[in-house]
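Numbering (numbering that gives the first Met the number 0) for the sequence shown: 0 to 178.
Hints listed in this document are in silico derivations from the structure and should not be mistaken for laboratory results. Since we're looking at a predicted model, the values are computed, not measured. Ideal placement from N, C-alpha and C gives every residue a C-beta, glycine not left out. Careful, some of the hints might be misleading.
[Claimed, not checked] Below, computed lysine-lysine pairings styled on BS3-like, alpha-carbon distance capped at 27 Å:
id: 1; residue 1: Lys154; residue 2: Lys175
id: 2; residue 1: Lys111; residue 2: Lys84
id: 3; residue 1: Lys109; residue 2: Lys24
id: 4; residue 1: Lys109; residue 2: Lys84
id: 5; residue 1: Lys24; residue 2: Lys145
id: 6; residue 1: Lys154; residue 2: Lys24
id: 7; residue 1: Lys24; residue 2: Lys111
id: 8; residue 1: Lys24; residue 2: Lys84
id: 9; residue 1: Lys112; residue 2: Lys84
id: 10; residue 1: Lys130; residue 2: Lys109
id: 11; residue 1: Lys130; residue 2: Lys84
id: 12; residue 1: Lys132; residue 2: Lys24
id: 13; residue 1: Lys130; residue 2: Lys92
[As the list claims (entries may be wrong)] The calculated label-pair distances, taken between Cβ atoms and stated as ranges, are:
id: 14; residue 1: Gly147; residue 2: Lys175; range: 25 to 33 Å
id: 15; residue 1: Thr131; residue 2: Glu62; range: 45 to 53 Å
id: 16; residue 1: Gly171; residue 2: Gly59; range: 26 to 34 Å
id: 17; residue 1: Arg176; residue 2: Gly147; range: 21 to 29 Å
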Amino acid sequence: MSNGKSILVDTSLCTACRGCQVACKQWNNLPGTKTKQVGTYQNPQDFSSDTWKVVRFADGKKEDGKPYWYFFTDMCRHCIQPPCKLSIEMTVKDAVIQDEATGAVVYNDKTKKVSFADVLCPYNIPRQNPKTKVLAKCTMCFDRIKNGMIPACVKSCPTGAMVFGERKEILGMAEKRVA
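Taking the hints into account, I'd like the entire structure generated from these sequences.
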């Protein structure tokens with residue numbers, strides 16, 4: 000498999016508008032999630048089987064005493080060697096597909112046979128639907144990509160904080176950005 004595609008998130012450009020969250024829900028026909036305001040800008044607080052993208056928020060004070068806000072759009076990283084796929088397939092074969100062209104890691108209905116406690120992810124991304132027991136997470140909109148479109152979250156970003164492309168090119172952009 001090639002290294003596939005990747006999404007670069009430039010946190011210095013993210014304004015936490017949550018357009019990416021809305022676009023993800025709309026494209027994937029995910030229902031709205033009932034949330035609770037807990038005194039932070041971040042809402043919803045975490046992933047669920049119906050929320051595959053979360054804009055994380057942190058604030059604090061710099062050394063000079065000035066406040067800062069930090070936003071990060073969080074989602075599945077679509078690992079080249081995904082621990083979730085390896086751990087799931089120890090129990091159920093063919094429950095996870097890693098798309099050859101994109102590298103997207105996609106779950107199917109066979110994941111309902113997996114004990115959620117056995118799913119390994121260093122980023123704690125996958126969630127289990129409480130009713131169907133099927134695992135859910137970002138699909139990198141591989142269906143859009145196959146039809147010549149970019150992921151819905153990237154398309155919706157008004158500031159260009161998210162960039163989609165070939166993994167090698169995205170890594171090059173990231174290296175230049177942090178240099």
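Verification of the supplied hints:
1. The straight-line distance between the Cα atoms of Lys154 and Lys175 is roughly 23 Å, inside the 27 Å bound, and the hint therefore holds.
2. The suggested pairing of Lys111 with Lys84 holds, with an alpha-carbon distance near 14 Å, which does not exceed 27 Å.
3. Only pairs whose Cα atoms come within 27 Å are accepted, and Lys109 paired with Lys24 is accepted, the gap being roughly 22 Å.
4. A hinted pair counts as satisfied when its Cα atoms are at most 27 Å apart, and Lys109 with Lys84 qualifies at roughly 12 Å.
5. Under the criterion of a C-alpha separation no larger than 27 Å, the hint pairing Lys24 with Lys145 is consistent with the structure, at around 19 Å.
6. At roughly 13 Å between alpha-carbon atoms, Lys154 and Lys24 fall within 27 Å of each other, so this suggested pair holds.
7. Distance check on the hinted pair: Lys24 and Lys111 sit about 22 Å apart at the alpha-carbon level, within 27 Å; holds.
8. With a C-alpha separation of about 23 Å, the suggested pair Lys24 and Lys84 falls inside the 27 Å cut-off, and the hint holds.
9. For the hint pairing Lys112 with Lys84, the CA-to-CA distance comes to about 14 Å; that is within 27 Å, so the pair holds.
10. Using a Cα cut-off of 27 Å, the hinted pair Lys130 and Lys109 holds, with the two alpha carbons roughly 14 Å apart.
11. Distance check on the hinted pair: Lys130 and Lys84 sit about 22 Å apart at the alpha-carbon level, within 27 Å; holds.
12. For the given pair, Lys132 sits about 19 Å from Lys24 by alpha-carbon distance, which is consistent with the 27 Å threshold.
13. Distance check on the hinted pair: Lys130 and Lys92 sit about 22 Å apart at the alpha-carbon level, within 27 Å; holds.
14. The beta-carbon spacing between Gly147 and Lys175, approximately 27 Å, falls within the hinted interval of 25 to 33 Å.
15. Range check, Thr131 to Glu62: Cβ separation about 49 Å, and the 45 to 53 Å hint holds.
16. Separation of Gly171 from Gly59 is about 31 Å and conforms to the stated range, judged on CB atoms against 26 to 34 Å.
17. Checked against the hint of 21 to 29 Å, the pair Arg176 and Gly147 passes, with Cβ atoms roughly 27 Å apart.
Checked against the numbered hints above, the structure violates none of them.
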